[in-house]
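So the chains spell out like this:
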Amino acid sequence: MTDQPLLIADGLSKNYGTRIGCRDVSLEVYPGEVLAVVGESGSGKSTLLGLLSTELEPSAGRVAYRLRDGRVADLASLGAAEKRLLMRTDWGFVRQNPADGLRMAVSAGGNVGERLMAVGWRHYGNIRDEALDWLAKVEIAGDRIDDDPRAFSGGMRQRLQIARNLVTRPRLVFMDEPTGGLDVSVQARLLDLIRGLVAELGLAVIIVTHDLAVARLLSHRMVVMRHGRVIETGITDQVLDDPREPYTQLLVSSVLAA
Amino acid sequence: MNAHAVGGMPEITYNFAYLDEQTKRMIRRAILKAIAVPGYQVPFAAREMPMPYGWGTGGVQVTAAVLGPDDVLKVIDQGADDTTNAVAIRGFFEKTARVATTTSAREATVIQTRHRIPETPLSENQILIYQVPIPEPLRFLEPRETETRQLHALAEYGLMHVKLYEDIARHGHIATTYAYPVEVAGRYVMDPSPIPKFDNPKLDNCPALQLFGAGREKRIYAIPPYTKVRSLDFEDHPFKVQRFAKPCALCAATGVYLDEVILDDKGGRMFVCSDTDYCNGRQEAGHRGEMAAPVGEGA
Amino acid sequence: MYVAAKGGEKAIRNAHALLAKRRRGNRNLPSISLAQIAQQLTLAVDRVMAEGSLYDVELAALAVKQARGDLIEAIFLIRAFRTTLPRFGYAQALDTAEMLVRRRVSATYKDLPGGQLLGPTFDYTHRLLDTSLGVADQANEVDDQAGESKTADDAAAPVSMPRVTDLLGQEGLIEGAPADDGSEPFDITRAPVSYPVDRSTRLQTLARGDEGYLLALGYSTQRGYGRSHPFVGEIRFGDVEVIFDAPELGFEVSLGTVQVTECQSVNQFKGTATTAPQFTRGYGLVFGQCERKALSMALVERALRWEELGEERGAPAQDEEFVLSHCDNVQATGFVEHLKLPHYVDFQAELDLVRRMRAEHEESRRAADMKEAAE
Chain V
0 MTDQPLLIAD GLSKNYGTRI GCRDVSLEVY PGEVLAVVGE SGSGKSTLLG LLSTELEPSA
60 GRVAYRLRDG RVADLASLGA AEKRLLMRTD WGFVRQNPAD GLRMAVSAGG NVGERLMAVG
120 WRHYGNIRDE ALDWLAKVEI AGDRIDDDPR AFSGGMRQRL QIARNLVTRP RLVFMDEPTG
180 GLDVSVQARL LDLIRGLVAE LGLAVIIVTH DLAVARLLSH RMVVMRHGRV IETGITDQVL
240 DDPREPYTQL LVSSVLAA
Chain X
0 MNAHAVGGMP EITYNFAYLD EQTKRMIRRA ILKAIAVPGY QVPFAAREMP MPYGWGTGGV
60 QVTAAVLGPD DVLKVIDQGA DDTTNAVAIR GFFEKTARVA TTTSAREATV IQTRHRIPET
120 PLSENQILIY QVPIPEPLRF LEPRETETRQ LHALAEYGLM HVKLYEDIAR HGHIATTYAY
180 PVEVAGRYVM DPSPIPKFDN PKLDNCPALQ LFGAGREKRI YAIPPYTKVR SLDFEDHPFK
240 VQRFAKPCAL CAATGVYLDE VILDDKGGRM FVCSDTDYCN GRQEAGHRGE MAAPVGEGA
Chain B
0 MYVAAKGGEK AIRNAHALLA KRRRGNRNLP SISLAQIAQQ LTLAVDRVMA EGSLYDVELA
60 ALAVKQARGD LIEAIFLIRA FRTTLPRFGY AQALDTAEML VRRRVSATYK DLPGGQLLGP
120 TFDYTHRLLD TSLGVADQAN EVDDQAGESK TADDAAAPVS MPRVTDLLGQ EGLIEGAPAD
180 DGSEPFDITR APVSYPVDRS TRLQTLARGD EGYLLALGYS TQRGYGRSHP FVGEIRFGDV
240 EVIFDAPELG FEVSLGTVQV TECQSVNQFK GTATTAPQFT RGYGLVFGQC ERKALSMALV
300 ERALRWEELG EERGAPAQDE EFVLSHCDNV QATGFVEHLK LPHYVDFQAE LDLVRRMRAE
360 HEESRRAADM KEAAE
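Residue numbers (numbering that gives the first Met the number 0), protein chains in the order written: chain V, 0 to 257; chain X, 0 to 298; chain B, 0 to 374.
Be a bit skeptical, because a hint or two may be false.
Simulated crosslink set (DSSO-like; lysine-lysine; CA at most 30 Å straight-line) [said to hold, decoys possible]:
no.	chain 1	residue 1	chain 2	residue 2
1	X	Lys-265	B	Lys-339
2	X	Lys-201	X	Lys-227
3	X	Lys-94	B	Lys-9
4	B	Lys-64	X	Lys-94
5	B	Lys-20	X	Lys-94
6	V	Lys-82	X	Lys-162
7	B	Lys-20	B	Lys-9
8	V	Lys-136	X	Lys-162
9	X	Lys-94	B	Lys-339
10	X	Lys-162	B	Lys-339
11	B	Lys-9	B	Lys-64
12	B	Lys-339	B	Lys-64
13	B	Lys-9	X	Lys-201
14	V	Lys-82	X	Lys-32
I should point out that these hints are in silico values taken from the structure, not numbers from a laboratory.
Hey, can you work out the whole structure from these sequences and the hints?
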């Protein structure tokens, strides 16, 4: 980790009509750091992820990002071309439902290769070799390269989605409940895999989860959200072992009780 | 159009080449813009035409806009001058513009085509006008126009290569046989209309002006004369055209596109030129294929 | 020896002669007159005018006859004619509050200024086949005076009939009608449409859209796909004057009247942080008496406004690009039917490819067999 933040959110708010999605959220993410955003459903954590990744437009506030050339850019000021280039090279987005993040009718190899072709790779053999390499990294057998994800199990689809996102070696990856909807044993294997890749590639990750065990296992720091606001933030182990806010205490104890 | 009440029912007369001059001017502006930005799909306010959408309304409007009284028009469909739709469109312009028509690719100044490029090389004083059903090469990968417009604007064509990648992964080679996507003048990816990919090389560095009209989708695009047109491919899987095992059974031509004709119900078949004008010309010049009528009998 | 199939020209001539013969049917029967079509198949004529986007009863009747009763074909004929007409300018917006009303019903108020006027409608008829209509020309099929008001026409006496939405508007209970900013509306017949579109484009596209398509989409919103809780505030049908500003003359000219059906739906709306809760509207306006179409149009129009009203999207009827780019039946029928055109060249390319791939498949299978046998 360096002392220069990679992404800075400042005073982010988002309203949906009279409903508040997110209110006055500020946070920083450093290179190589995993930040968990936890809270119950409806707490505004998915809205926050949408705002940070520029998929949603904020009602107020701004998001700044340190580009590869060291320049810090206000994301709202980037042109469409710059933003899209950023999204397909420097960023990744792993969705809860793999069907939203994969092309389900395209083969595993095509899914992984798409970003490469988008940045100009034009040698079929090289694209294929790189795809095979990444499939191996996410523990998908090479002979499945020409199968499309509809033939894959939930855990495999999620691992494929991760490979598809990491193939251009992004610096920041957004993850929205990546282990949601998977069996417990499958979850554990996936979490191990993510933890390994994050460490190996030095990725910064912003992960949204309602599962404190996921936050404990993957994240360095965490923020707790309630009613659209950040109510507590700190080093993960500290927050989980010694929560200050009564609401966080309730969250932690309910997990322990279960 | 003018309508005069005669005996209760209006009598209707139409302008030269059917469209009014205002409409033609609007279409010509779109054509000029298309020529200025090769391969870019220019939206235009396509009119309802007296033939159905999907049957060549785009090509007909472009032809109507560029046609002058001295032009000589040729219309082909599937390479042939005598297919019913070609006959109908030629008849339309004979009636509304009273221009001379021909079946000869050499004599024509304007050629409207559906699905083929003539085998006879085109020249600088000719315009080739294509009928286009779906102008958007990315349509079947991304159905939304709002999205495809972005992709073109940002020259994001990775998706197009995903399609080609999938072909090679599944079939060992690129399995797109017609409407094969091309890159025009190093910038826009373009659908050349459903011509067989066999014809793609003819798009490149062509001396004639090539215009593409899509009526239902309201788009016009163009390849100016002598423009670089490259069929998309991979470095290790270069673009290739199909070859036919036999020459034309009527005129013995090789290196041309052939139609398969079923002769009987026992599997008998023959291959003949899809371009009827080219085939007739060769036969008149004395070339004889294995199933041609003997000299003197006429075919 | 082989001779390529020729004679496309002759075949087309013969086919068209045969079409004319079939159109005429049995020559012992009198040919149907345009006046008969216009008077007795009024709703068919109305639909052709509405979706053909041309108000001309006589030409629409001719199109119905020429199309042998195929209404989409008739609409197509009218459109191909309409496209050649010169454009003089734009009339003033129709004032439907000043309509000479022939029918007007509101589902939201039992009674209202101007009253409910049932008028000519299939509503409340028993759908029993009426064999008396099958008997040729009974002199007194219907009592000439039946249902007619005392004035010579079936129009209501000119009492004031304010629009229901205007009544709601006085209380501020419904969003205001979009203000006329004086700008010329977008003209979908003169300029290419680009998505997303403005309201005038949306309404024009829907007004000439296919009745069956809009009916199905409107229906889908009632069944939960983009629910908007509609009420028929009012549906009215009658004659409206068309007024044209002639700048050369310096005054307004009345060009005559057209019959239109207007439907305004009143829909639920929760309000936003900045606006108090109020009803919203969906709008339908169609030439002639086309109530099913006007009502469906209002439902779909309302569904398409999800974004400006901050609603959630997810239903087919809310997808602007999908709904608007597929609602024109002349475009749709042309493209679907073009599949009948020859595709020899493309098919040849596919044929060739399938053969090659089958050969490759066979080869690799044989190679595998050999290898197995050798082992």
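Straight-line alpha-carbon gap Lys-20/B to Lys-9/B, limit 30 Å: holds (17 Å)
Straight-line alpha-carbon gap Lys-136/V to Lys-162/X, limit 30 Å: Since the Cα atoms of Lys-136/V and Lys-162/X sit roughly 25 Å apart, the hinted pair holds (cutoff 30 Å).
Is Lys-94/X within 30 Å of Lys-339/B, Cα to Cα? holds (25 Å)
Next pair to validate is Lys-94/X with Lys-9/B; report whether the Cα-Cα distance is within 30 Å. holds (17 Å)
Are the Cα atoms of Lys-82/V and Lys-32/X separated by 30 Å or less? Answer holds: Lys-82/V to Lys-32/X is near 29 Å, not above 30 Å.
Within 30 Å, alpha carbon to alpha carbon, are Lys-162/X and Lys-339/B? holds (28 Å)
Holds or violated: are the alpha carbons of Lys-339/B and Lys-64/B at most 30 Å from each other? Roughly 24 Å between the alpha carbons, so the hint for Lys-339/B and Lys-64/B holds.
Agreement of Lys-20/B and Lys-94/X with the hint, judged by alpha carbon distance not exceeding 30 Å: Judged against 30 Å, a Cα distance of about 23 Å means the pair holds.
Quick one, are Lys-201/X and Lys-227/X close enough, alpha carbons at most 30 Å? holds (11 Å)
For the pair supplied as a hint, Lys-64/B and Lys-94/X, is the alpha-carbon distance within the 30 Å limit? Judged against 30 Å, a Cα distance of about 24 Å means the pair holds.
Straight-line Cα separation of Lys-9/B and Lys-201/X no greater than 30 Å? Given that 30 Å is the threshold and the Cα spacing comes to 33 Å, the pair is violated.
If you draw a straight line from the CA of Lys-82/V to the CA of Lys-162/X, is it 30 Å or shorter? At roughly 24 Å apart (the allowed maximum being 30 Å), Lys-162/X and Lys-82/V satisfy the hint.
Of the numbered hints given earlier, the model fails hint 13 alone.
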